[in-house]
Amino acid sequence: MQWETVIGLEIHTQLATKSKIFSGSSTAFGADPNTQASLIDLGMPGVLPVLNKEAVRCAVRFGKAIGAHVADRSVFARKNYFYPDLPKGYQISQYELPVVGVGEVDIMLDDGETKTIGVTRAHLEEDAGKSLHEDFHGMTGIDLNRAGTPLLEIVSEPDMRSAKEAVAYAKKIHQIVTYIGICDGNMQEGSFRMDANVSVRPKGQQEFGTRAELKNINSFRFLEKAINFEVERQIDLIEDGGKVIQETRLYDANKDETRSMRTKEEANDYRYFPDPDLLPLEIDEAFIADVIASMPELPDARRTRFEADYGLSAYDAEVMTSTRAQADYYETVAKVSGDAKLAANWVMGELAAALNKATMEITESPVDADALGQLVARIKDNTISGKIAKDVFAAMWDGEGSADEVIEAKGLKQITDSGAIEALVDEVIAANPDQVENFRNADPAKQPKMLGFFVGQIMKKSQGKANPQQVNELLRKKLGG
Amino acid sequence: MHTKTIAELSRSLQSGELSSTELTQHMLQRIKAHDDKLNSFVTVTEEAALEQAKAADARIAAGNAGPLTGIPIAYKDIFCTEGVRTTCGSRMLENWISPYDATVVANLRAAGAVMLGKTNMDEFAMGSSNETSYYGPVRNPWNTDKVPGGSSGGSAAAVAARLCCGATGTDTGGSIRQPAALTGITGLKPTYGRCSRWGMIAFASSLDQAGPMTRSAEDAAIMLGAMSGFDERDSTSAERPVDDYVAALGTDVKGVRVGVVKEFMGEGLDAGVGRSVQAAIDELQKLGAEIVEISLPNAGLSVPAYYVVAPAECSSNLARFDGVRYGHRCDDPKDLEDLYKRSRSEGFGAEVKRRIMIGTYALSAGYYDAYYLKSQKVRHLIADDFRRAFEQCDVIVGPTAPDTAFGLGEKADDPVSMYLSDIYTIAVNLAGLPGMSIPAPQSAGLPVGLQMIGNYFDEARLLNVAHQLQLATDWHQQAPADFA
Chain A
22 MQWETVIGLE
32 IHTQLATKSK
42 IFSGSSTAFG
52 ADPNTQASLI
62 DLGMPGVLPV
72 LNKEAVRCAV
82 RFGKAIGAHV
92 ADRSVFARKN
102 YFYPDLPKGY
112 QISQYELPVV
122 GVGEVDIMLD
132 DGETKTIGVT
142 RAHLEEDAGK
152 SLHEDFHGMT
162 GIDLNRAGTP
172 LLEIVSEPDM
182 RSAKEAVAYA
192 KKIHQIVTYI
202 GICDGNMQEG
212 SFRMDANVSV
222 RPKGQQEFGT
232 RAELKNINSF
242 RFLEKAINFE
252 VERQIDLIED
262 GGKVIQETRL
272 YDANKDETRS
282 MRTKEEANDY
292 RYFPDPDLLP
302 LEIDEAFIAD
312 VIASMPELPD
322 ARRTRFEADY
332 GLSAYDAEVM
342 TSTRAQADYY
352 ETVAKVSGDA
362 KLAANWVMGE
372 LAAALNKATM
382 EITESPVDAD
392 ALGQLVARIK
402 DNTISGKIAK
412 DVFAAMWDGE
422 GSADEVIEAK
432 GLKQITDSGA
442 IEALVDEVIA
452 ANPDQVENFR
462 NADPAKQPKM
472 LGFFVGQIMK
482 KSQGKANPQQ
492 VNELLRKKLG
502 G
Chain B
1264 MHTKTIAELS
1274 RSLQSGELSS
1284 TELTQHMLQR
1294 IKAHDDKLNS
1304 FVTVTEEAAL
1314 EQAKAADARI
1324 AAGNAGPLTG
1334 IPIAYKDIFC
1344 TEGVRTTCGS
1354 RMLENWISPY
1364 DATVVANLRA
1374 AGAVMLGKTN
1384 MDEFAMGSSN
1394 ETSYYGPVRN
1404 PWNTDKVPGG
1414 SSGGSAAAVA
1424 ARLCCGATGT
1434 DTGGSIRQPA
1444 ALTGITGLKP
1454 TYGRCSRWGM
1464 IAFASSLDQA
1474 GPMTRSAEDA
1484 AIMLGAMSGF
1494 DERDSTSAER
1504 PVDDYVAALG
1514 TDVKGVRVGV
1524 VKEFMGEGLD
1534 AGVGRSVQAA
1544 IDELQKLGAE
1554 IVEISLPNAG
1564 LSVPAYYVVA
1574 PAECSSNLAR
1584 FDGVRYGHRC
1594 DDPKDLEDLY
1604 KRSRSEGFGA
1614 EVKRRIMIGT
1624 YALSAGYYDA
1634 YYLKSQKVRH
1644 LIADDFRRAF
1654 EQCDVIVGPT
1664 APDTAFGLGE
1674 KADDPVSMYL
1684 SDIYTIAVNL
1694 AGLPGMSIPA
1704 PQSAGLPVGL
1714 QMIGNYFDEA
1724 RLLNVAHQLQ
1734 LATDWHQQAP
1744 ADFA
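Heads up: the sequence lines are chains A and B, in that order. The numbering used here puts the first sequence at residues 22 to 502. The numbering used here puts the second sequence at residues 1264 to 1747.
Just chain B, same shape as in the assembly (with noise of 0.2 Å):
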């Protein structure tokens, strides 16, 4: 039952054939038996899985059920869960357990999904590989020696193994579409905004935000019903009406115009991807949807500014990891100098003490014009791109990521080369715009994932072309053959 998807469950659930108490049962034995090789859980809340499996039921006989009541899903570690711990991926928040439910937990959880777990991920969503959790790395269900791409590495292994039917991730610079990519599943981020960021711990709250990561667009469209949504905790939330994700699903492609990148598809692509993207876009002609080139002549400046704002915001964010009022605290701290560097010295691992320093750096007197506000100069750059470029197109396409996924340890001494796994999705970011990454054709038996930029809101349209191009391709039904 496990190689089915959202939708297809949720039909066998509401008619009976299955229940969730069974469905929720093989998930969590599969886990049990598989992520040993992956380490794509942090925790595994297995009673309460079947607590809410239980409730599903009944709400099911009750006939008051939803898409998806009854359907086991898993939470990246970032969002926080009442009464189970949420580590973020940290040492620092290693017993930490959560008052109160992230808005997107609630939202599912009253949506009736069951919760298998919290999934590993890069500590404090800040890596593009999964290497720098301090709960160890997250391995490729594809290729066990590769990455799973990051920062919800743990989310997209979990799903392409059919550990969990969908997981919830978060996308700072691209942090579900890469890993997506990496491991052959569909994620989307949706325009900031879409979806409170209410519980959601911070890493760059302007440009943090979370999205579903399933096997299928349609799947990625019922979870993303669910979880978004206007949320007055969340002052950046949008107030506008969620639109029918699942029902904008029926319209065929004829005379949808759709944008290539062609700054995206020269250099610096692995030439494998790059026929494997041609593929997929050729499909999408093939089914009438019209190809015009369009450019993003500054997409090249995102990956400075971004490795600027970023590490700002996250330098502010992170001030409050300092043992005074929860998380790591050093022993016997001679003074409150002491607890402060101690704690956070032994707290946090090396990429996010990196950033850190980057941000504190860029945010000093002195600092701030030439670095943070040319920053935002450069975001504005970048937003003008892509409207003049949606004046021209519906839907932008491109590689989601420049490379299939590497091996584990071979960037992990390279950050700078590891910052540029997210050269094509940190502009989507920086402009707070809608991207989805699907699977194109595999290269060298390696997932490789088509990048689909929508206009601000139009997350309905996105879905549909993926689905669209799902319903006449396979590439997306493969599965590793280890977890098959």
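In isolation and in its complexed conformation, chain A is listed as follows (with noise of 0.2 Å):
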């Protein structure tokens, strides 16, 4: 039989504000335990929250990001359940009417196709603290620095086919909070992470097959592997004639596997109402239009920017904005260089390499875009060849300086005075007198490749600084080619 895969993915971005959502504690990461907790944090006997007006922006923004209604009235709701890191008994979140509605996202799929996603809503909610296993010999430590963190909740619809769909629609929704500033991105730190709804059905079927959730994954290549393995269990299940049971899943990747946490039977009652605590949150239109001005340019559309303003291909405009960070650099090596299409080799080439290498973000890079640019800038006017410039690169990588004052220090400019390029020339020539015979009796055809030989030995004399341009042009005409 064949089978098709249905996925939805729950994503939790952690907004990018200085204090928490409902109190003025910060929200900086690895503080050391319980130091970032306020009485509101504690859930005190008392105390009450108030909301982030910063976190409202943030999730106003990502609505807007995606074409999505914005909420002018929305509801914090209570989400009562026990556990030991949520200190009040209950998350306070947004159930029935969430802050950000109905929207969507184009995927981009391998064929070069794309794809719509629906993304059925987005609402605020309070992160809970973290129970602590390690240290605590049979006890359980508790920290609440992460308690009342901010969090957008991102729901899609199940539009998603393959496992490779579902990354593409998680980075795609990661490359967006990113963007617009939302959300740092940090996987490692908790500040994307990913539940899958994962199902199967006989291809062709209209109703869905049973779903089982697959919590918490904070990695692309997890979620990928996560879903193929679900996808096969579930699918040997029910050709064994097993059935999929409603559950919640927990991927391992030590042993790429996933394996039932609880399953629907057992699951809580939630018991959501609103919470009275908070007033039902009013966004007006001067607020969304604010918060539409300040909105950045937007991934796709400076992906069309790109191609149209610098000449990009479609593949080359997609690698430059994959993320904002990426985009903001090459945007400014190619405004120094004044050479768009150099300035992407560059950045995609020798920088992409380095970073690479030393296993460094872009914002990282010892070598800053205004610099890259400058370098760019020497070889598009001939200060230097492009294989000079390889030289300056790994110079400047090096702290050794700006590339004026690494070309300045190595006495690496380029030789452009045709006389002393001429003399350069004249010597090779009357010491390879047999190369010279050669040439002039050879093909016409064959001549460019022979070439070579002499425009290496002139290099080679000048110390790679001769312009190699000139240093042809010479050639042929001294040689008659």
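Hints are not guaranteed to be accurate.
With a cut-off of at most 30 Å between alpha-carbon atoms, the simulated BS3-like pairs for lysine-lysine come out as follows [to be verified]:
#1 A:Lys100 <-> B:Lys1616
#2 A:Lys236 <-> B:Lys1597
#3 B:Lys1597 <-> A:Lys100
#4 A:Lys362 <-> A:Lys401
#5 A:Lys100 <-> B:Lys1604
#6 A:Lys100 <-> B:Lys1640
#7 B:Lys1637 <-> A:Lys100
#8 B:Lys1616 <-> A:Lys151
#9 B:Lys1640 <-> B:Lys1616
#10 A:Lys470 <-> A:Lys411
#11 A:Lys193 <-> A:Lys85
#12 B:Lys1604 <-> A:Lys236
None of these hints come from the bench; they were simulated from the model. Just so it is clear, the structure is predicted and the values come from calculations on it, not from any experiment.
Please dock the two separately framed chains into a single complex, following the hints provided.
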């Protein structure tokens, strides 16, 4: 039988606000346990939440970025359950009336086709704390630093049909939230976490199969592996005459398998109801207009513009706009250098290779965009050759200064004085009479290739500094080739 | 000096005739001498009180005192007080010392009020008789075999017995007005949002409101002025200026339209209480008020609606008492489930458990629409009743409670009959309106409360009408013989 996979994702993005969603505590990562937990985060008797407007701004930004309806009135609800790292015994979330309604995003498939994935809703909520099992023999420690951190939970339609599509969608959401600056996207620190709802059905069948929810996946690679494992598991199960049960499963990256966490039967009754401590959230036109006015260019628009303005291929433009940092970097290099194509080659070539080797992000590059732009400019204005530029880049990477400083210090300036080049050409011709003879007698079709020998000799003599174009021209003239 | 009101004492303090230290010592002495009979205090903060009195005396000497400076008051033990234990009448918080002050406490402290201590209350404010406190029942100073009403019964008894000049209370379904009625004092529940709820341990968040409990309307005006105001830490607090309630006390009641709720004056009302309330209404008419009959047709739905909404919110609000971070924790839990179950079983009393169970049921999947949502609709109907009524009148009056103080233990095994003690007060909370109880003539030697309900944020008018009635009568001046 032919099977079809159906996948929907719930993505929790941690919003990049300075303080928590309902208290003034800092959201900075990595502080000592419970040093960033106020009375409110600790759920002390008598304390009350006050909504952080910045978190609302972030949610509206996202809504507008995916063309979604932003509700003029939404409601915070309490989701009640007991857990030691949930201080109040309930999580403040949104249930019936979320701030962001239906929207959509386009993803690019392997064959270059685009597919539209529906976003059902996105709602604001607070994160819980963290239970620490290590270092507490037979006990559990609680760190409430993360309690109350603002999250935007983005829920998709079950529109994805393969792990690859799910990954493409997750990457797209990651790209959008980092572009619009509402999330740092740091997956190791848990700023971007994914739950996947996975089911299978016979191809052609209308109704969905029973789904399993894969919880808390924090890497795109694991997302793909977890879904693929789960799809296999479900198909095997059904083909062996079994039945998929609705349950929550965990992906174990070490064993590359998913396993059951809890079944629907044990599922909590969350007893949602509107939080009486918070008034309904009302968002007016002026607030939305203000958010739109401050919105940066979105990745799809930027890609199209890069193709048009910089003459980049669709592929190059896609790579250059994959992250906002990358696009910002590239755009500076292109502007400073005055050669958009050469800039793209350098960003994707030499720079990418160096970053890759050093396992650095583009934002950490020791050669900043401005500096690389100046280096590319020196190639464009013939101060140095592309080959020499690689040496200059290496020196810049090692912190030896700007392009001009390195060129000056190492005497790498290209020789463009035609008299000096002519002297070198004459020297090489005089020193190699046999090769000159051979060249002159050779089939004209083979001559360009043979010219390489002389060019090489001359470049060697000039320590690579002679302008290769001038060398070529002069040689051809002198050899009569 | 304990027979004087806050307004009178304030004048004596400012004129130098009396010091706050003397007054505070006197009150502490009275608590020592009399509170054994009443059990109205859970904690007495003698040392802090004397320190604060000293500071108040210095402030008076420096000439920047207000009407509350140096006045000894008490706080219902539901208000968080920094460094002083806040039990909420529960074993759950027996040893819990709040790290911060409630806004109402901070406001009163800033006004110079002196804290004598924390008053006893029904556990987590759930009760109408003050018998559910872990710290034992409070007794009514008019007859110590009777209850003082709940849940602010400790505050009510302490004020009625003149162990403090005033006290704070909280009112979720009548918990300021009903005990005020049963002990013969003046109690005001302001408009929802008038006083900040920050630091007031939550029972039912959409209904809870703090208010003053005093011996006169004038004193209530003084206290309310200091307690109220917008608080950015409470999203539901009202962002509007506080009226000058004391300045508003000078207007006569001629032409004020007083609405009498016909549904409250019939069946279920004790005959003696009915006569007393009628006498108070007649007095208002004599003073020039215009009496009109009004109807609140949906008021009968208020008790059932309340006993869905309040427990639903309480089941959620009390989830934080889980034995994990603070409060009571059971010994040697065998696992997490056991920790929750035993800590909560041991920490909470029967009434609290009953309401948590009701609330959990009302919110659970499949019942939410039938109970919680339906109750919210009833709230709208009730608010609409009041809106229509206020087109016909300026102030609504009726009885505060259907009966005078009942005997200790009399209704303890019958929660539903206990719940009916708040039958006339609950609608006001559901609508979020201000309500007040002031003494009417006594019935068979026990106090009777006249309830007065105002429109939203119309506390000034409410206080003025009450004050005018108190200027013309002496019902509020009677003191229980053993505490005179």
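Tested hints:
| no. | hint | in the structure |
| --- | --- | --- |
| 1 | A:Lys100 <-> B:Lys1616 | 20 Å, holds |
| 2 | A:Lys236 <-> B:Lys1597 | 28 Å, holds |
| 3 | B:Lys1597 <-> A:Lys100 | 27 Å, holds |
| 4 | A:Lys362 <-> A:Lys401 | 11 Å, holds |
| 5 | A:Lys100 <-> B:Lys1604 | 20 Å, holds |
| 6 | A:Lys100 <-> B:Lys1640 | 22 Å, holds |
| 7 | B:Lys1637 <-> A:Lys100 | 20 Å, holds |
| 8 | B:Lys1616 <-> A:Lys151 | 29 Å, holds |
| 9 | B:Lys1640 <-> B:Lys1616 | 26 Å, holds |
| 10 | A:Lys470 <-> A:Lys411 | 25 Å, holds |
| 11 | A:Lys193 <-> A:Lys85 | 15 Å, holds |
| 12 | B:Lys1604 <-> A:Lys236 | 28 Å, holds |
When each numbered hint is compared with the structure, no violation occurs for any of them.
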